[in-house]
Amino acid sequence: MDAVPVDTDADTRTDTSSGGQATTADDGAAACPHLRKYSLTPPESRPLDEPDYFGELRQECPASTVTLGESGSSWLFTAFEDVKTILADTRFSSSPLTPGFPLEGAPGSDAPVAVTTMIRSDPPVHTRLRRMVAKDFMPKAVEGYRDFVCATIDARIDSLATLPQPIDLIESFALAVPSDVISKILGVPVEDEAMFQELTERMTTLSLTREEQYQVIGEFAAFCDRLISLKESEPADDLLTRLTHEQLLTGELTREQLAGFVIMLVSAGHDTTAGMFGLSVLTLLQHPDQLELLRSGARSWDSAVEELVRIHTVVRMGPRRAATEDIEVGGTLVRKGEGVIASILAANHDESQFGPSRFADFSIPEEKPKHLGFGFGPHQCVGQNLARLELGYGLPRLFERYPDLRLVDDDITRLRFREGRAFFGIRELRVHL
Amino acid sequence: MTTDLKAATTMNLTIDVAKCCGSGQCVMAAPDVFDQDDDGVAFLLDQTPPDTERANVDEAIASCPTGAITVVDG
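Order-wise, the sequence lines are chains D and G. Quick note: the first sequence, position 333, residue 336 per our numbering, numbers continuous. Quick note: the second sequence, position 71, residue 402 per our numbering, numbers continuous.
Quick caveat, the hints were computed from the structure, so don't treat them as lab data. Incorrect hints may appear among the rest.
Said to hold, decoys possible - Just the calculated beta-carbon pair ranges, DEER-fashion: (1) G:Asp370 <-> D:Glu214: 36 to 42 Å; (2) G:Thr383 <-> D:Leu336: 41 to 47 Å; (3) G:Val402 <-> D:Asp150: 34 to 40 Å; (4) D:Lys40 <-> G:Asp347: 38 to 44 Å; (5) D:Val118 <-> G:Thr401: 45 to 51 Å; (6) G:Thr379 <-> D:Ser48: 44 to 50 Å.
As the list claims (entries may be wrong) - Calculated cross-link-like contacts (lysine to any residue; reagent style SDA-like; alpha-carbon spacing at most 25 Å): (7) G:Lys350 <-> D:Thr101; (8) D:Lys339 <-> D:Thr101; (9) G:Lys350 <-> D:Pro126; (10) D:Lys138 <-> G:Val403; (11) D:Lys371 <-> G:Asp382; (12) G:Lys350 <-> D:Leu233; (13) D:Lys143 <-> G:Pro381; (14) D:Lys187 <-> D:Pro169; (15) D:Lys373 <-> D:Lys187; (16) G:Lys350 <-> D:Lys187; (17) D:Lys143 <-> G:Ile346; (18) D:Lys371 <-> G:Asp369; (19) G:Lys350 <-> D:Ile122; (20) D:Lys138 <-> D:Asp150; (21) D:Lys143 <-> G:Asp404; (22) D:Lys187 <-> D:Glu249; (23) D:Lys138 <-> D:Ser162; (24) D:Lys143 <-> G:Asp370; (25) D:Lys40 <-> G:Asp370; (26) D:Lys371 <-> G:Glu384; (27) D:Lys138 <-> G:Pro362; (28) D:Lys373 <-> G:Val402; (29) D:Lys187 <-> D:Ser210; (30) D:Lys143 <-> G:Leu375; (31) D:Lys371 <-> D:Gly300; (32) D:Lys143 <-> G:Asp369; (33) G:Lys350 <-> D:Gln383; (34) D:Lys373 <-> G:Glu390; (35) D:Lys143 <-> G:Leu376; (36) D:Lys138 <-> G:Asp404; (37) G:Lys350 <-> D:Glu201; (38) D:Lys371 <-> G:Asp370; (39) D:Lys339 <-> G:Val402; (40) D:Lys187 <-> D:Cys153.
Values in this document were obtained by computation on a predicted structure and should not be read as measured data. Quick reminder that beta carbons are idealized off the backbone N, C-alpha and C, glycines included.
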């Protein structure tokens, strides 16, 4: 079959750092009998579902141990409540520099530019960094973006009709809309969009070696540095200008830190939502009964968006943490210096919390599911309100504008996925309008 | 001893601003009770909201990613 997202076998590094060596709570007991290599490979015939062993672990061993790459191991938590507990507990560090942090399979997360970013920081540094941008993504700020976001989406949707059919909806819509939106908010010139898409693509490719990762992060930082220089000399009404003048020029951030900030906002700001657009369109086209419920008003688009974010959970690598002291989670003791993968993908498919999670069983609930698709705790996605606006406006508009939208090929096992990437998504989705 | 009926049926809320990460989930859940300042940090529009806000406040507390909101029943 065509490649599927995998993050195993990706680590070709030979350095000696390792993830925490997991132990069981009753100290000295045999290692977890479910020990296996951490993999995100879905079942071959069900390429949009979680790996089958996640379900087995939730039932039998929700605090399991997994091996990573060549030498590392880590806890793998798969139950909803445990994952939520870990993500809310700041004694679990987000810094790849904390002893035991599971680096294998997440190459580049310990790069000097990366470790200064807020997603890799702990309080109080994290709190300070987050507050520099939280205001730009809070609900009332996002409400202020509504007009241009909707206009951007409408323009992209209209432009689809001018393309020769069938069209690839990923390139022409799913990737284009979030790129347009985050570029505008940050103040990235339109002509640079293709460059940051390419840099993001390379940076989130898990098969790169550590050296290759460092290289691409360096290129990305250089690209951001040029943007920062532009904002110094030509201030505009955008987020990057504000960060440059309020944080860089006042000494609150170093130039490297600001570049890291921009890398994070640019990459997380478009690639995740792009993945969700493609997966959402596919899901609705494959479930016309559900689309009809939306068209008739029997189900809300708000619920559909949350359910789509839940079942697909495009951020699948973790999140990853390292325990800074001995911490008990759901009856299991995680010792100081041990690595933890708190799988939001597994948690979002927890049978004790949610209805059916398999792609084949997609069914929009009446109530919005309270999922962990945007994470939880202080690192919860800062852009979630913006993502909801883009998906909540873009999806219904697309289906209204093109009511006969249909897939060229209905067989999901022939879909091409963005293989070996940090964020799950479809590489190409060919449709007739 | 008499108890003020209104006070007995309202909640007394506090926000731990040090914990707040500015996600704005409380504002989405209960916009008449919570707001965010210029740094995105949450603050209370109504520290003792009426019980008609109970469901919204419960939703705000449940969705707050950092557990920054606490309620003391009055």
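A quick look at each hint next to the structure:
1. G:Asp370 <-> D:Glu214: 36 to 42 Å: The hint (36 to 42 Å, Cβ to Cβ) holds, given that Asp370 of chain G and Glu214 of chain D are roughly 39 Å apart.
2. G:Thr383 <-> D:Leu336: 41 to 47 Å: holds, 44 Å
3. G:Val402 <-> D:Asp150: 34 to 40 Å: holds, 36 Å
4. D:Lys40 <-> G:Asp347: 38 to 44 Å: Once the Cβ atoms are compared, 41 Å apart, the range 38 to 44 Å for Asp347 of chain G and Lys40 of chain D holds.
5. D:Val118 <-> G:Thr401: 45 to 51 Å: Between Val118 of chain D and Thr401 of chain G, where Cβ atoms are some 33 Å apart, the hint is violated.
6. G:Thr379 <-> D:Ser48: 44 to 50 Å: violated, 56 Å
7. G:Lys350 <-> D:Thr101: holds, 21 Å
8. D:Lys339 <-> D:Thr101: holds, 10 Å
9. G:Lys350 <-> D:Pro126: holds, 9 Å
10. D:Lys138 <-> G:Val403: Measuring from Cα to Cα gives roughly 28 Å; hence the hint is violated.
11. D:Lys371 <-> G:Asp382: OK: Lys371 of chain D and Asp382 of chain G at ~23 Å, within 25 Å.
12. G:Lys350 <-> D:Leu233: Distance ~35 Å between Lys350 of chain G and Leu233 of chain D Cα, so the pair is violated.
13. D:Lys143 <-> G:Pro381: holds, 24 Å
14. D:Lys187 <-> D:Pro169: Between Lys187 of chain D and Pro169 of chain D the Cα gap is close to 29 Å, so the pair fails against 25 Å, i.e. violated.
15. D:Lys373 <-> D:Lys187: Status violated; Cα separation ~30 Å.
16. G:Lys350 <-> D:Lys187: violated, 30 Å
17. D:Lys143 <-> G:Ile346: holds, 19 Å
18. D:Lys371 <-> G:Asp369: At roughly 29 Å apart (the allowed maximum being 25 Å), Asp369 of chain G and Lys371 of chain D break the hint.
19. G:Lys350 <-> D:Ile122: Judged against 25 Å, a Cα distance of about 16 Å means the pair holds.
20. D:Lys138 <-> D:Asp150: holds, 18 Å
21. D:Lys143 <-> G:Asp404: violated, 29 Å
22. D:Lys187 <-> D:Glu249: This hinted pair holds, its Cα atoms lying about 19 Å apart.
23. D:Lys138 <-> D:Ser162: Answer violated: Lys138 of chain D to Ser162 of chain D is near 32 Å, above 25 Å.
24. D:Lys143 <-> G:Asp370: Distance of about 12 Å is within 25 Å: holds.
25. D:Lys40 <-> G:Asp370: violated, 43 Å
26. D:Lys371 <-> G:Glu384: Distance of about 19 Å is within 25 Å: holds.
27. D:Lys138 <-> G:Pro362: Given pair Lys138 of chain D, Pro362 of chain G holds - Cα atoms ~16 Å apart, limit 25 Å.
28. D:Lys373 <-> G:Val402: holds, 21 Å
29. D:Lys187 <-> D:Ser210: It is violated: about 31 Å lies between the C-alpha atoms, which goes past 25 Å.
30. D:Lys143 <-> G:Leu375: Holds - the C-alpha atoms of Leu375 of chain G and Lys143 of chain D are around 16 Å apart, at most 25 Å.
31. D:Lys371 <-> D:Gly300: holds, 15 Å
32. D:Lys143 <-> G:Asp369: holds, 11 Å
33. G:Lys350 <-> D:Gln383: The hint holds at about 13 Å.
34. D:Lys373 <-> G:Glu390: At roughly 10 Å apart (the allowed maximum being 25 Å), Glu390 of chain G and Lys373 of chain D satisfy the hint.
35. D:Lys143 <-> G:Leu376: Holds, because 15 Å separates the two Cα atoms, which is no more than 25 Å.
36. D:Lys138 <-> G:Asp404: violated, 31 Å
37. G:Lys350 <-> D:Glu201: violated, 36 Å
38. D:Lys371 <-> G:Asp370: violated, 28 Å
39. D:Lys339 <-> G:Val402: violated, 33 Å
40. D:Lys187 <-> D:Cys153: Roughly 13 Å between the alpha carbons, so the hint for Lys187 of chain D and Cys153 of chain D holds.
Taken one by one, the earlier hints fail for this structure at numbers 5, 6, 10, 12, 14, 15, 16, 18, 21, 23, 25, 29, 36, 37, 38, 39, listed in ascending order.
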